[in-house]
Amino acid sequence: MYKKIVLVVAILTLVGCSSSKSPIVTTKAGNSNYKKGNVHTSKNTTSTGKKTDKEVIQSTSRTVVTSDGINGYVIHYKDIAMNNMKKYGIPASIILAQGILESGAGQSTLALTANNHFGIKCYKDWAGETINQDDDALQECFRKYKNPQESYQDHADIISKRTRYASLFSLPKGDYKAWARGLKKAGYATDPNYPEKLINYIERYHLDQFDNLVLGKDYVLDKSQNANAATKVVLNDKTNQYEVQKGDTLYSISKKYNIPVEELKKQNNLFDNAISVGQTILIKK
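Under mature numbering (1 follows the signal peptide of the UniProt record, and there is no 0), residues -20 to -1, 1 to 265 are what the sequence shown spells out, in order.
Just so you know, the hints here were simulated from the structure itself, not pulled from any lab data. Keep in mind that the hints are not guaranteed to be accurate.
Below, computed lysine to aspartate or glutamate pairings styled on EDC-like, alpha-carbon distance capped at 16 Å [to be verified]:
#1 124 - 134
#2 126 - 115
#3 126 - 252
#4 124 - 114
#5 157 - 176
#6 101 - 130
#7 153 - 115
#8 67 - 48
#9 157 - 134
#10 104 - 134
#11 236 - 223
#12 157 - 137
#13 245 - 48
#14 67 - 114
#15 165 - 183
#16 197 - 134
#17 101 - 114
#18 246 - 48
#19 67 - 134
Label-pair restraints from in silico Cβ distances [claimed, not checked]:
#20 127 - 104: 20 to 30 Å
#21 171 - 127: 19 to 29 Å
#22 117 - 173: 12 to 22 Å
#23 112 - 137: 20 to 30 Å
#24 152 - 262: 23 to 33 Å
#25 167 - 67: 15 to 25 Å
#26 119 - 235: 41 to 51 Å
#27 170 - 69: 18 to 28 Å
Yeah, the Cβ is synthetic: ideal placement off N, Cα and C, and Gly gets one too.
Please build the complete structure, drawing on both the sequences and the hints.
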């Protein structure tokens, strides 16, 4: 009898211990209810669109611009460039190509905050406003202008008056390749590929047509080049040109031709209301 009692107690003890243990839950790898999100990988891909749709211009800051943006820049500043060619002898194509490259077609930080379109640094002879920005060295001093026109004027003064650039003016005005290489040789830029970059923009966007206009030469479009990227000055019977006179504003021109200011800006790819004497405004009705 005693043995039976002991056996029953032992059985009850074992059952109690077994029921008091915490259950162990195991999860198989890859068998959870977590849903994977879409995984985005970054690859160096080539766009299937036009190669000139977007590009990065390495000015004093990396700037992404479109072909339309570059064309708009050319239309906006071509008249200033041609006037400076007439007055100072610097090819308009070179002026525009430098402006595109140095300012990211007007969209670089330096161009937007300081109206500096040519990456011109302060140097000792500058008494105007300044702005500091990283370039070849940290926080270099750059000139700050009231408007882009002042930047174009300063660029012309520097190229035409400093002795280091004197040799450029013995080159033919229509030889943009010689001018591009001459600028590098004279020390305008430290980039070893600077001449090729200027030449590339001139040929892609047909900037030499403005040299020919100043020189009185006919311009023949090279069909082997990308005509879609070119800024051709083409007028039809519904398009008129107006040359900006002293005292004109975009508002006064809009009133004269009964066209809203915003429409004028759109027609001429203008980024703001700034215009200059001698600039050509397209009037489309």
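These are the hints, each one checked on the structure:
no.: 1; hint: 124 - 134; in the structure: holds (11 Å)
no.: 2; hint: 126 - 115; in the structure: violated (22 Å)
no.: 3; hint: 126 - 252; in the structure: holds (14 Å)
no.: 4; hint: 124 - 114; in the structure: holds (15 Å)
no.: 5; hint: 157 - 176; in the structure: holds (8 Å)
no.: 6; hint: 101 - 130; in the structure: holds (14 Å)
no.: 7; hint: 153 - 115; in the structure: violated (31 Å)
no.: 8; hint: 67 - 48; in the structure: violated (29 Å)
no.: 9; hint: 157 - 134; in the structure: violated (23 Å)
no.: 10; hint: 104 - 134; in the structure: holds (15 Å)
no.: 11; hint: 236 - 223; in the structure: holds (13 Å)
no.: 12; hint: 157 - 137; in the structure: violated (21 Å)
no.: 13; hint: 245 - 48; in the structure: holds (14 Å)
no.: 14; hint: 67 - 114; in the structure: violated (33 Å)
no.: 15; hint: 165 - 183; in the structure: violated (21 Å)
no.: 16; hint: 197 - 134; in the structure: violated (28 Å)
no.: 17; hint: 101 - 114; in the structure: holds (11 Å)
no.: 18; hint: 246 - 48; in the structure: holds (12 Å)
no.: 19; hint: 67 - 134; in the structure: holds (13 Å)
no.: 20; hint: 127 - 104: 20 to 30 Å; in the structure: holds (24 Å)
no.: 21; hint: 171 - 127: 19 to 29 Å; in the structure: holds (27 Å)
no.: 22; hint: 117 - 173: 12 to 22 Å; in the structure: holds (20 Å)
no.: 23; hint: 112 - 137: 20 to 30 Å; in the structure: holds (23 Å)
no.: 24; hint: 152 - 262: 23 to 33 Å; in the structure: holds (30 Å)
no.: 25; hint: 167 - 67: 15 to 25 Å; in the structure: holds (24 Å)
no.: 26; hint: 119 - 235: 41 to 51 Å; in the structure: holds (46 Å)
no.: 27; hint: 170 - 69: 18 to 28 Å; in the structure: holds (25 Å)
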